[in-house]
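Asks: Spelled out from the first residue to the last, the chains are:
There are 2 protein chains.
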Amino acid sequence: MANTFIFGHKNPDTDTITAALAASHLKNKLGQDTEPVRLGEVNKETQYALDYFKVEKPKLIDRVPTEVENVILVDHNEFQQSVENINDVKIIEVIDHHRIANFETREALYFRVEPVGCTATILKKMYEENNVEITKEIAGLLVSAIISDSLLLKSPTCTQEDVDAAHTLAEIAEINLDEYGLAMLQAGADLSDKSINDLITMDAKEFEMNGAKVEIAQVNAVDTSKVIELQPDLEQEMNATIAYKKLDLFLFVVTDILNNDSEVIALGKAKDNVEKAFDVRLENNRALLKGVVSRKKQIVTNLTDTFM
Amino acid sequence: MANTFIFGHKNPDTDTITAALAASHLKNKLGQDTEPVRLGEVNKETQYALDYFKVEKPKLIDRVPTEVENVILVDHNEFQQSVENINDVKIIEVIDHHRIANFETREALYFRVEPVGCTATILKKMYEENNVEITKEIAGLLVSAIISDSLLLKSPTCTQEDVDAAHTLAEIAEINLDEYGLAMLQAGADLSDKSINDLITMDAKEFEMNGAKVEIAQVNAVDTSKVIELQPDLEQEMNATIAYKKLDLFLFVVTDILNNDSEVIALGKAKDNVEKAFDVRLENNRALLKGVVSRKKQIVTNLTDTFM
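Those protein sequences? They're chains P and D, same order as listed. Note that the UniProt record's numbering has the first sequence beginning at 1, numbered continuously upward. Note that the UniProt record's numbering has the second sequence beginning at 1, numbered continuously upward.
Simulated from the structure, these hints should not be mistaken for laboratory data. Accuracy of the hints is not assured; some may be wrong.
Heads up, the list lumps identical chains together, so a pair's fine if it works in one copy or across two of them.
What the hints assert, rightly or not - Distance condition first, Cα-Cα at most 20 Å in a straight line; then the derived PhoX-like pairs of lysine-lysine: (1) 154 / 290; (2) 297 / 90; (3) 245 / 213.
If you're wondering where the values come from, they're calculated on a predicted model, not measured in any experiment.
All chains, full assembly: derive it from the sequences and hints.
Replies: Spelled out as structure tokens, the structure:
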């Protein structure tokens, strides 16, 4: 077993899985003894990238074994998003692009956070800074992460640095960025095997907005109408969740990955806030939010303002 | 007034002051609009470096004015060590070499911590990464910080990277590292205008060691005997502090910057722990700790073990 485990957050997405793989490859090239691992199942989008570039997924772990001396965290730093026994391990490095919170160590360590759209963009820079060659496979994994986190460079979280990195990496990976990107996003947007309950829980987050309890669930889709036609069943489950969790608002967001819009279903006594937040009218509890794709940068911020 | 203020911790030392000056110089070269400031008086050691390289000390502030949009923290990240209104300002970057604790932001930012002996060592690397020339003055300030934090490369906190950086910077600054370093440390070790109370409070920190309350004060001196001959007066003040703060141990450490040893005076009911921690015998409450210079890496760690 390696001396150092490298892993991303729970409920792993493409950036978390590929960042662990790439960081481990880089560190081992630099003489460290590391192994990439993961804290949950690989989703279909990530699996598409792994299959395309013929890379094995990292080993699944529940906790860091006692024999492992050190850990490196990628794509997260908040302890509640990390491995169960995070308080018992020695963190020697963090590479991330999120806000910093709930992080504390006894000693100094390597800690690198940058406000870019994707951990992969930072890792690409670290390969260059250390003069380690980015192989075709690693470039493929890193560009997949940028495509995933930025919805093919369309999300407002995407910076110029992410865009530049994506183009360079696509060249090394020998892919057509748009074609490959769309195919990968489509693989992730395959909702055919999802139950109604899966759809409203698979990527759901709860927010407190000035005292109001707001749940926002998001799914990516190629054909949003396929999801929207399930509206009666979705509403039934959403209303059950509202009653159980005492929510003021449940917003279900179906993001069209081809046109970069989102269709939303809003339920709960504060559903009018959605009309104010996006200057739209709900019809049959539904509205189209033109150009809205980012929960973090577009939905949460606008909605929060209406509760002030 | 600049758009962005850059500052180090309260009770500023040479690394904190010079890091603010150098970081501001670097950021402005890269097109940002920044100004270095400080949160307290400049000590004699730092003043020596500023005078030698003919650099003005940064402006003193109590709080960040509301007109200033952003701040960059250097040489610290814990909010209690920072400016009074730290919770009301937007932190856009942190450059530090300490443990991470009590730090939280709403959004991602540039955050760079490395486990080296000195912030100056990280700043030198950042100049190089950004291809910005290190001027003679900046090199002088940065090497002064390394000399200060490492007691002229002798402290166990000093890494190979610090050593290499110090030699490169000394060359650019056109100084003889040992001669300049000793003169600067001696300027800081001038205790002639200090009262007894100054000596035991000017660099005192309190630690909790498995329930025991331990105060450790440290001063640097060229001629330790000059301090030790004040022992009767020092003991009187130390005993008053022990009674007032209900300490189990008060350790007063006089560090010989020429020979890199420390003479200590230990008082309090747990003073025997000093004998166990360093395998020495206290005579007249005093002992010589050969090769001990670092409170963090040598004194606190060894003492803590004896309270377990």
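Asks: Which hints from the list above does the structure break, by number from lowest to highest?
Replies: When the structure is compared with the hints, none of them turns out to be violated.
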